[in-house]
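S.K.: Here the protein sequences come in this chain order: A and B. Here the first sequence is numbered in UniProt numbering, starting from 1 and rising by one per residue. Here the second sequence is numbered in UniProt numbering, starting from 1 and rising by one per residue.
Hints are supplied without guarantee of correctness; some may be wrong.
[To be verified] Non-contacting residues of chain A with respect to chain B, defined by C-beta distances greater than 12 Å in every case (computed):
hint: 1; residue: R268
hint: 2; residue: E555
hint: 3; residue: V577
[What the hints assert, rightly or not] Label pairs and their computed distance ranges (CB to CB):
hint: 4; chain 1: A; residue 1: T251; chain 2: B; residue 2: A463; range: 57 to 63 Å
hint: 5; chain 1: A; residue 1: L556; chain 2: B; residue 2: R234; range: 45 to 51 Å
hint: 6; chain 1: A; residue 1: E343; chain 2: B; residue 2: D497; range: 41 to 47 Å
hint: 7; chain 1: B; residue 1: E42; chain 2: A; residue 2: A591; range: 40 to 46 Å
hint: 8; chain 1: B; residue 1: T536; chain 2: A; residue 2: T251; range: 29 to 35 Å
hint: 9; chain 1: B; residue 1: G400; chain 2: A; residue 2: G400; range: 42 to 48 Å
Rather than coming from a laboratory, the hints here were simulated on the basis of the structure. The model shown is predicted, which means the values in this text are computed figures rather than measured ones. Note that CB positions come from ideal geometry on N, CA and C, so glycine has one too.
There are 2 protein chains.
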Amino acid sequence: MVNENQHTCSASSSSKSDGGSSSGSESSKESSRCSTPVLDAERHERLREKMRRRQDSGDKWFSLEFFPPRTASGAVNLISRFDRMGAGGPLFIDVTWHPAGDPGSDKETSSMIIASTAVNYCGLETILHMTCCNQTKDEITGHLQKAKRLGLKNIMALRGDPAGEEWQEEVEGFNYAVDLVKHIRNEFDDYFDICVAGYPKGHPEAENYEADQRHLKEKVLAGADFIITQLFFRSETFLKFMKDCQAIGITCPIVPGIFPIQGYHSLRQLVRLSKLEVPQEIKDVIEPIKDNDAAIRNYGVELAVSMCRELLDSGMVHGLHFYTLNREVATIEVLKRLGMWKEDPRRPLPWAVSAHPKRRVEDVRPIFWSSRPKSYIYRTQEWDDFPNGRWGNSSSPAFGELKDYYLFYLKSKSPREELLKMWGEELTSEESVFEVFTCYITGEPNKNGHRVTCMPWNDDPLATETNLLKEQLEKVNRRGILTINSQPNINGKPSTDPIVGWGPSGGYVFQKAYLEFFTSSEIVTALLKALKKYETRVNYHIVNVKGQNITNAPELQPNAVTWGIFPGREIIQPTVVDPVSFLFWKDEAFALWIEQWAKLYEEESPSRMIIQYIHDNYYLVNLVDNDFPLENCLWQVVDDTFELLN
Amino acid sequence: MVNENQHTCSASSSSKSDGGSSSGSESSKESSRCSTPVLDAERHERLREKMRRRQDSGDKWFSLEFFPPRTASGAVNLISRFDRMGAGGPLFIDVTWHPAGDPGSDKETSSMIIASTAVNYCGLETILHMTCCNQTKDEITGHLQKAKRLGLKNIMALRGDPAGEEWQEEVEGFNYAVDLVKHIRNEFDDYFDICVAGYPKGHPEAENYEADQRHLKEKVLAGADFIITQLFFRSETFLKFMKDCQAIGITCPIVPGIFPIQGYHSLRQLVRLSKLEVPQEIKDVIEPIKDNDAAIRNYGVELAVSMCRELLDSGMVHGLHFYTLNREVATIEVLKRLGMWKEDPRRPLPWAVSAHPKRRVEDVRPIFWSSRPKSYIYRTQEWDDFPNGRWGNSSSPAFGELKDYYLFYLKSKSPREELLKMWGEELTSEESVFEVFTCYITGEPNKNGHRVTCMPWNDDPLATETNLLKEQLEKVNRRGILTINSQPNINGKPSTDPIVGWGPSGGYVFQKAYLEFFTSSEIVTALLKALKKYETRVNYHIVNVKGQNITNAPELQPNAVTWGIFPGREIIQPTVVDPVSFLFWKDEAFALWIEQWAKLYEEESPSRMIIQYIHDNYYLVNLVDNDFPLENCLWQVVDDTFELLN
């Protein structure tokens with residue numbers, strides 16, 4: 001929104017934004033007993049309701065602006081940046097519209113796909129920017145329909161840059177942002193939350209400041225829900241603007257756009273595009289240090305922090321919008337110094353929720369995908385109903401096929417060379433595979449001195465929770481029990497526990513111990529003997545790539561392995577071991593050996609043949625210890641198995 | 001079935017009984033994630049499947065035959081006998097068809113209504129007898145349709161007694177039981193399980209034993225699922241009969257009918273009707289003691305026990321069917337001596353399930369009706385869907401009105417005079433009401449020397465579980481906190497715990513502490529002050545008869561107060577405190593003051609006015625302590641309340 005132009009304006013839309021609360025309660029009415037009791041009210045609210053709730057509670061928030069990347073690998077990086085920056089608890093992010101980059105297309109670098117990935121796969125409340133000039137009504141309607149279909153709920157309505165140097169009105173098209181606001185309200189009623197841009201110094205092309213204020217009011221009257229401002233360099237600029245807006249009857253939220261200066265070059269470019277003037281006192285500091293990036297960034301952080309403090313202290317500002325320029329360091333630093341970066345945001349559920357509206361009530365997932373949540377979302381994207389789907393009246397599980405392991409939001413962050421360093425340039429035996437697994441668990445470097453920070457089944461280092469099991473995991477991986485997923489048993493820890501807690505405070509969370517691993521048929525034979533002693537205490541599913549399936553699970557019932565008890569609510573059981581979806585996971589888990597690991601090596605190479613052998617001959621095993629109040633017996637099961645082998 | 005006549009016969013129906021298993025699995029397919037994970041397989045099976053399962057597992061079973069009562073008070077007594085004898089764990093009961101008693105009518109004494117009550121309100125698998133002679137096809141179809149509508153799933157198909165002295169075939173009508181079997185299969189396909197009668201000595205009207213055997217085989221071939229025999233006096237009689245049946249290819253289950261001799265008169269009458277001959281050795285014992293009822297009964301028990309032992313020891317008998325003559329003592333004595341009476345049958349859920357097929361998947365109820373389960377079933381009988389109903393997609397709770405507090409299956413077992421003795425011939429103040437509540441809790445006699453064994457809200461003495469809270473309950477009732485429902489908190493006791501356990505073994509059960517009581521507005525004011533200190537730890541609902549409603553429950557969400565964790569299954573949460581259904585319960589709970597208590601007294605009498613005053617001015621309160629792992633704080637809440645009052 002740095003270079004948005006606009007011409008029209010006037011008045012308040014409080015009635016519009018009030019209208020929203022009803023749609024929030026409608027969605028919770030739809031939910032049946034089976035859906036998540038409203039654990040996290042925000043999950044069921046639209047963006048304008050969330051803003052209002054935060055304003056009412058006095059809970060200050062922040063949001064982050066990104067632009068779409070230019071390359072495919074840029075997209076992979078941006079998605080993992082979303083995940084990292086999402087952890088700090090932004091109220092929303094927004095993705096700019098990049099007219100030159102085919103923004104409404106299905107390319108992985110398009111604004112549409114990046115925004116949709118943020119919503120669906122990163123679980124972020126997301127605003128998609130959209131400009132209207134130089135486009136037909138039908139093109140715009142098409143973009144909006146696509147956005148809706150992809151789960152986007154918020155649009156930043158902008159004019160965009162004119163095609164030529166000089167601005168010319170088009171008779172049949174959209175000329176101003178207000179036209180786009182009206183169009184969205186006409187065609188999509190109240191479906192989208194609409195944001196518009198505000199210019200604290202007045203739009204550069206507006207006749208004057210007062211005319212620009214009137215244009216803004218017109219956008220709000222046309223149905224905009226809130227305003228995000230262009231960047232500015234002094235808090236007074238914003239506060240004056242805000243008072244002027246209020247004076248002419250604009251009552252919707254106005255969010256200041258914050259631009260932490262990150263470098264001499266980017267500042268100059270921005271200033272040129274936005275036609276803003278940098279105050280002399282800032283120029284005076286920057287010019288002498290213009291070649292010292294670190295010094296400029298430090299200064300930019302200082303400046304942003306003190307301006308943000310003034311804004312927040314004014315009592316007129318409830319949220320801050322950051323122009324990140326797709327960088328992390330400066331923005332996170334500012335937020336941390338303001339105390340607004342949530343180091344340990346409370347999890348509403350033990351897994352990362354998607355922000356697609358139809359998944360708002362999703363409250364249960366199989367444990368298998370816990371390290372591959374994006375793959376799970378991908379494979380269930382066609383489900384009509386959550387939390388139903390596989391567990392609902394429809395008896396068909398209908399998991400989507402996962403054929404393309406290279407979708408950018410599923411792709412490993414590490415390039416091939418790095419993976420080879422971690423997983424071995426050359427494998428000589430099954431034991432060298434055991435060694436890779438063991439190094440991943442221990443965090444120790446492998447024999448070539450490289451740390452194994454990811455695995456085909458886990459793109460991130462070991463979870464804090466799994467760390468609790470580290471010692472035992474190391475022991476068993478060394479001996480060929482190649483673990484890919486596990487959780488300890490938990491017998492009623494407070495829901496606020498920093499490691500295993502989730503859900504609202506005042507509750508208690510529970511887990512059954514879980515262990516999932518690949519292992520050889522020789523070990524499986526011994527394991528089955530060992531399991532006889534445990535009868536119903538331990539449930540197991542043992543399956544090979546051909547689908548041979550050995551289990552003692554009663555019928556095809558799921559086994560709840562994570563649940564929580566909360567004040568005034570029904571029981572939540574967000575994670576299950578489900579025998580049916582295990583068979584779908586099995587296909588994916590076995591395929592990852594080949595797709596992510598074997599294919600790093602030449603065909604017919606010994607390394608590749610070793611992985612292929614494991615793929616063809618090993619079993620995938622999961623074990624649940626049902627006696628969660630007792631000491632986890634799964635390690636004993638494994639010990640008994642090894643004893644039988646000796 | 002004592003006096004059934006029959007004429008036709010021949011062959012095996014194993015294919016028929018095999019066909020049944022598919023319908024069982026169909027019904028479990030219907031159930032969604034939200035329904036009870038199959039905790040108790042038998043709950044989902046039809047009778048013939050249950051028999052097969054018991055036969056396969058070697059678990060011997062028994063069943064009980066009753067006839068419909070002659071009077072309304074007889075119906076009340078029979079229903080409470082069903083509850084008591086149901087506790088011993090019969091596989092099913094059956095109710096005879098009483099042609100003279102308008103058996104298909106809606107009278108509370110009709111065979112149809114008694115059988116339907118056993119299914120719906122007592123949760124008993126039930127066979128309804130039905131005779132076919134002297135009735136038109138349409139009448140019979142009407143009876144069968146009604147039986148199906150009422151939730152009956154099993155029919156004992158009989159001929160019945162001819163109208164005149166001599167048997168005459170009717171050209172257009174049904175002449176033999178086999179006609180009825182065929183008719184049921186024609187009109188209702190496989191919906192009903194069908195039982196037919198077998199005659200170990202041959203039917204008295206059959207040409208000979210062999211002809212009778214052929215008639216029996218014909219009934220089985222026509223679609224009968226199993227056979228229950230006429231009574232007999234020697235085990236050899238049955239064993240020979242069984243071998244003869246097998247020899248001509250009858251392979252369905254054959255259940256021996258056991259008649260424990262209970263008195264000289266009843267034996268003579270039975271012998272006359274069934275045209276059986278009593279063996280000389282039995283006559284020799286009975287004649288000399290014919291005036292000594294106790295002696296005859298003891299002898300009858302001895303005789304039955306030894307005959308049953310012989311039958312069971314033969315290895316050919318898997319279940320025993322008892323002709324109870326609507327009496328308890330002798331049959332229970334025989335069953336106890338055989339070790340077949342289950343003193344402590346495992347509860348599949350913490351509340352008594354109904355056996356209506358549409359309630360097979362019911363897995364959650366509000367706690368409010370826990371002492372009035374029949375009323376809950378009555379008020380939800382129109383629900384189409386379980387476990388949904390109030391908790392399902394339908395947002396309307398749709399509880400039926402409870403206008404008639406005198407429905408025989410809801411009626412107190414105690415007559416008016418007895419209630420007056422317990423609850424006071426004359427009340428002088430609110431305190432005399434407190435006294436009644438206190439005596440009910442303590443079990444001590446009231447000041448007139450009568451024990452208070454029931455209350456309008458509890459037709460039975462205090463539950464064993466509630467006994468755990470006795471001391472505190474006594475204290476608070478004395479001071480005007482008039483408790484009507486409560487449960488202690490439980491933090492993970494084994495599911496096999498004899499007092500609070502339920503569900504399959506190997507699980508853990510949990511409860512949040514619950515307390516429900518009537519109390520004055522003065523106490524409510526203090527209580528609300530006291531509750532401030534407990535914030536979200538304690539959820540409360542406080543309501544008066546006019547519907548004034550004070551609560552801190554988040555929105556209208558139910559609070560789970562009983563749940564269980566089992567091996568290989570999803571979480572079960574069978575009991576909730578539901579804010580919406582509480583308002584329906586409130587109407588019933590307040591009305592019981594008037595309907596069951598005030599109306600014992602003359603209009604305008606001081607006693608009646610005291611109860612009316614309480615009804616009009618007291619509040620109904622429920623409290624939940626959400627912190628189930630800690631010591632129950634509800635007693636502290638009440639203590640704090642009293643302290644504020646002092």
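S.K.: Next step is simple, just say for each hint if it's right about the structure.
M.R.: So, going through the hints one by one against the coordinates:
Every CB of chain B is more than 12 Å from the CB of A/R268 (nearest about 53 Å), matching its label as outside the interface. For A/E555, the requirement that its beta carbon stay farther than 12 Å from each beta carbon of chain B is not met, with the minimum near 6 Å. The Cβ of A/V577 sits about 9 Å from the closest Cβ of chain B, inside the 12 Å cut-off, so the non-interface label is violated. With their beta carbons about 59 Å apart, A/T251 and B/A463 fall inside the hinted range of 57 to 63 Å.
Taken as a hint, the range 45 to 51 Å holds for the pair A/L556 and B/R234, whose Cβ atoms sit roughly 49 Å apart. In this structure the supplied range 41 to 47 Å holds for A/E343 paired with B/D497, their Cβ-Cβ distance being about 43 Å. A beta carbon spacing of about 42 Å between B/E42 and A/A591 agrees with the range 40 to 46 Å that was offered as a hint. B/T536 and A/T251 have their C-beta atoms about 34 Å apart, which keeps the hinted 29 to 35 Å range intact.
Checked against the given bound of 42 to 48 Å, the beta carbons of B/G400 and A/G400, roughly 44 Å apart, stay inside it.
Checked against the numbered hints above, the structure violates hints 2, 3; every other hint is satisfied.
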